[in-house]
Amino acid sequence: MAVQAVAVRGPWRRLVPAPLWEQPRRLQHEWRPSPSDQPIQMENPYKEPPKKCVLCGISVDYKNVQLLSQFVSPHTGCIYGRHITGLCNKKQKEITKAIKRAHIFGFMPVMFKDPSFLTDPKICNVKYPE
Numbered sequence: 001m002a003v004q005a006v007a008v009r010g011p012w013r014r015l016v017p018a019p020l021w022e023q024p025r026r027l028q029h030e031w032r033p034s035p036s037d038q039p040i041q042m043e044n045p046y047k048e049p050p051k052k053c054v055l056c057g058i059s060v061d062y063k064n065v066q067l068l069s070q071f072v073s074p075h076t077g078c079i080y081g082r083h084i085t086g087l088c089n090k091k092q093k094e095i096t097k098a099i100k101r102a103h104i105f106g107f108m109p110v111m112f113k114d115p116s117f118l119t120d121p122k123i124c125n126v127k128y129p130e
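Just so we're aligned, residue 1 is where the sequence shown starts under our numbering, counting upward by one.
Warning: the hint list may mix true and false statements.
[To be verified] Below, a list of computed lysine-lysine pairs in the DSSO-like style, where the Cα atoms sit at most 30 Å apart:
(1) K51 x K122
(2) K90 x K113
(3) K51 x K113
(4) K113 x K91
[As the list claims (entries may be wrong)] Okay, the calculated beta carbon distance ranges per label pair:
(5) R82 x S36: 46 to 52 Å
(6) K90 x F117: 22 to 28 Å
(7) M42 x P115: 41 to 47 Å
(8) K100 x Q38: 54 to 60 Å
(9) P39 x V110: 19 to 25 Å
(10) M111 x P45: 46 to 52 Å
Hints were generated in silico from the structure; no laboratory data involved. Since this is a predicted model, take the numbers as computed values, not measurements. We put the CB at the ideal spot given by N, CA and C, even for glycine.
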């Protein structure tokens, strides 16, 4: 059935049978993507890494005054909030409870930070003008 006379031009072109390797005209417009054209699944390169809690995995005790003083303002004695400390909700509550307990038992001063801990490296990202 395959005839070599495909190069015929003019109105008789439709009468000449097409070679066997060509698709029928009705199937030529159907686009079938090959597997290499499909998008691949990949990780978002712009996604920020998840924030990690500094104290997860560390036990918080009211007697560890040096650790607790990192979450207290040196000027006012106020406890920093979660947006400043970067702690998870569970550890922020533990820190708050431990600081209040240390205030009550007399391990920490209430209105200011202990001067011996002022030179400690900062855990929280608070910047004071010096």
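Taking the hints in turn, this is what the structure says about them:
1. K51 x K122: holds, 18 Å
2. K90 x K113: holds, 24 Å
3. K51 x K113: Distance of about 28 Å is within 30 Å: holds.
4. K113 x K91: Answer holds: K113 to K91 is near 21 Å, not above 30 Å.
5. R82 x S36: 46 to 52 Å: At roughly 48 Å between Cβ atoms, S36 and R82 fall inside 46 to 52 Å, so the hint holds.
6. K90 x F117: 22 to 28 Å: holds, 24 Å
7. M42 x P115: 41 to 47 Å: Given about 53 Å between the Cβ atoms, the range is violated.
8. K100 x Q38: 54 to 60 Å: Holds, since K100 and Q38 (Cβ atoms, about 58 Å apart) stay within the stated range.
9. P39 x V110: 19 to 25 Å: Since the Cβ atoms of P39 and V110 sit about 60 Å apart, the hinted range of 19 to 25 Å is violated.
10. M111 x P45: 46 to 52 Å: Given a distance of about 48 Å, which is inside 46 to 52 Å, the answer is holds.
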